[in-house]
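**Q** With the hints as extra help, turn the sequences into a complete structure.
So you can see what is in the structure, the chains are spelled out below.
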Amino acid sequence: MLLVVTYSRAARRSLRNACRTHEDCVVRRFGRAVLLEASVFGAFLALRLRADHGGDVQVERTRPLNEFEDIPEEVREAATAYADRDHPSTPYAKFAAGTDHPDPDAMKAREL
Amino acid sequence: MMLEAGGIVRTGRAIDARNVPVDGATVAAAVRGEQTPITVENPAPRPVHERVGYVRPEMGVSVRTALAAAARSRGLSAPQDDDIAAVREQLADIEVPEIATNTVRREFAAADTETERLEERVAELRGRVQVLREQGTDEAVAEAEAALTSAVRDLSEVATDRTAASQRLDRDRLRDARDARERRLRLEDEVANLERAARASLVAELRGAYAAAVADAPGPSPADPFEADPVTAALAVGRVADLRAPVVLACDRFRVPAAAASWLDAPVVRV
Chain A
2 MLLVVTYSRA ARRSLRNACR THEDCVVRRF GRAVLLEASV FGAFLALRLR
52 ADHGGDVQVE RTRPLNEFED IPEEVREAAT AYADRDHPST PYAKFAAGTD
102 HPDPDAMKAR EL
Chain B
-14 MMLEAGGIVR TGRAIDARNV PVDGATVAAA VRGEQTPITV ENPAPRPVHE
36 RVGYVRPEMG VSVRTALAAA ARSRGLSAPQ DDDIAAVREQ LADIEVPEIA
86 TNTVRREFAA ADTETERLEE RVAELRGRVQ VLREQGTDEA VAEAEAALTS
136 AVRDLSEVAT DRTAASQRLD RDRLRDARDA RERRLRLEDE VANLERAARA
186 SLVAELRGAY AAAVADAPGP SPADPFEADP VTAALAVGRV ADLRAPVVLA
236 CDRFRVPAAA ASWLDAPVVR V
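These protein sequences, in sequence, are chains A and B. Positions 2 to 113 (my numbering) are the ones given, in order, by the first sequence. Positions -14 to 256 (my numbering) are the ones given, in order, by the second sequence.
Quick caveat, the hints were computed from the structure, so don't treat them as lab data. Being a predicted model, the structure only gives us computed values, none of them experimental. Think of the CB as a built atom: it goes at the ideal place given N, C-alpha and C, for glycine as much as any other residue. It is possible that some hints are incorrect.
Ranges between beta-carbon positions, derived for each pair [as the list claims (entries may be wrong)]: (1) B:Arg168 / A:Val41: 30 to 40 angstroms; (2) B:Thr100 / A:Arg62: 12 to 22 angstroms; (3) B:Pro64 / A:Arg62: 27 to 37 angstroms; (4) A:Val41 / B:Ser135: 15 to 25 angstroms; (5) B:Gly45 / A:Val41: 32 to 42 angstroms; (6) B:Arg3 / A:Val41: 24 to 34 angstroms; (7) A:Thr22 / B:Gly45: 36 to 46 angstroms; (8) A:Val60 / B:Thr100: 19 to 29 angstroms; (9) B:Val107 / A:Ala107: 32 to 42 angstroms; (10) B:Gly45 / A:Ala34: 53 to 63 angstroms.
Here are some of the chain A residues that sit facing chain B, going by a computed Cβ distance under 8 angstroms [said to hold, decoys possible]: (11) Ser9; (12) Ala19; (13) Asp57; (14) Gln59.
Residues of chain B placed beyond 10 angstroms of chain A at every Cβ, according to the derived structure [what the hints assert, rightly or not]: (15) Pro42; (16) Arg163; (17) Ala183.
**A** So this is what it looks like as structure tokens:
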């Protein structure tokens, strides 16, 4: 999908108008940002906004995440275990220390 | 006030220009100080004049905006004025770095195509070297090996370019530029909200005077003064405003221009 984020009042207004006119291309709207269908027409809308508003329009490409395919098992397990922790105030780094759960810095250094 | 058009000169506080060869839009433009074929000498218009300075049946009036401008013409202020000035000052101080990534992305895409082409060439040359080693002359092998070395070198150069291009797409720099834009947008929204509140407060101050003017205005009187027809609304706003510059009237509400000038307490040109 295409994530379009606007950074000015004029760009936000154009985005709103474009979304109203082309509702079928809109996956989800978030105020001054929107997720568009990954169609060439979605790209056309995004590029048209950028042509009008330059740097006030950010366009990124997103794709769905399948955690069972894209994310190492120990990371998934760590997330579940941490969500299930006994003390809600324990930060993750402390929670992971001395266990098999991955260290936050190690995870940050590792690309998906 | 003095009006000159096509050699005809009229003076006074209430001018009847119906027999003068000029249209209302031209007179209104001349009153605003724009270049026109005619000459109008008048005091400089205030901002409210833009809203109700040219009264005609086909006009559109945003009553609340016009009424807020009328309040300003009378020297009224809103409690939000200081905050508006402060936020505007903050806005002026924001420096927004340019985001001109178009060329960078194009270079990046071009480098990518070039990488693919060179990768294919390297693979092809590797294959040829292998075949020639089995069945070719020493000379042919040496030649193919030289070509392979050169293709590998080209590939690594393009790969370096690609890294450089990707570094120029530097996320941190973009993030800073976008943070600044986000701050600017927040402040612009803040100004817009404050201005809306200021307008509401100015409108509240003149609401009574405006309703009375609508009731007193010649022509139809609506139940809700904010639903008045555009001519009535514009005249009523004009009556509560301190207009200073002449109002151009293209409507039949007053018997004579002098009556309009006295009702509006402003100079008038009837067209």
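**Q** For each hint, tell me whether it holds in the structure or not.
**A** Hint by hint, here is what the structure shows:
{"no.": "1", "hint": "B:Arg168 / A:Val41: 30 to 40 angstroms", "result": "holds, 34 angstroms"}
{"no.": "2", "hint": "B:Thr100 / A:Arg62: 12 to 22 angstroms", "result": "holds, 20 angstroms"}
{"no.": "3", "hint": "B:Pro64 / A:Arg62: 27 to 37 angstroms", "result": "violated, 47 angstroms"}
{"no.": "4", "hint": "A:Val41 / B:Ser135: 15 to 25 angstroms", "result": "violated, 39 angstroms"}
{"no.": "5", "hint": "B:Gly45 / A:Val41: 32 to 42 angstroms", "result": "holds, 40 angstroms"}
{"no.": "6", "hint": "B:Arg3 / A:Val41: 24 to 34 angstroms", "result": "violated, 60 angstroms"}
{"no.": "7", "hint": "A:Thr22 / B:Gly45: 36 to 46 angstroms", "result": "violated, 24 angstroms"}
{"no.": "8", "hint": "A:Val60 / B:Thr100: 19 to 29 angstroms", "result": "holds, 23 angstroms"}
{"no.": "9", "hint": "B:Val107 / A:Ala107: 32 to 42 angstroms", "result": "holds, 35 angstroms"}
{"no.": "10", "hint": "B:Gly45 / A:Ala34: 53 to 63 angstroms", "result": "violated, 33 angstroms"}
{"no.": "11", "hint": "Ser9", "result": "holds, 6 angstroms"}
{"no.": "12", "hint": "Ala19", "result": "violated, 18 angstroms"}
{"no.": "13", "hint": "Asp57", "result": "holds, 6 angstroms"}
{"no.": "14", "hint": "Gln59", "result": "holds, 7 angstroms"}
{"no.": "15", "hint": "Pro42", "result": "holds, 31 angstroms"}
{"no.": "16", "hint": "Arg163", "result": "violated, 6 angstroms"}
{"no.": "17", "hint": "Ala183", "result": "holds, 18 angstroms"}
Taken one by one, the earlier hints fail for this structure at numbers 3, 4, 6, 7, 10, 12, 16, listed in ascending order.
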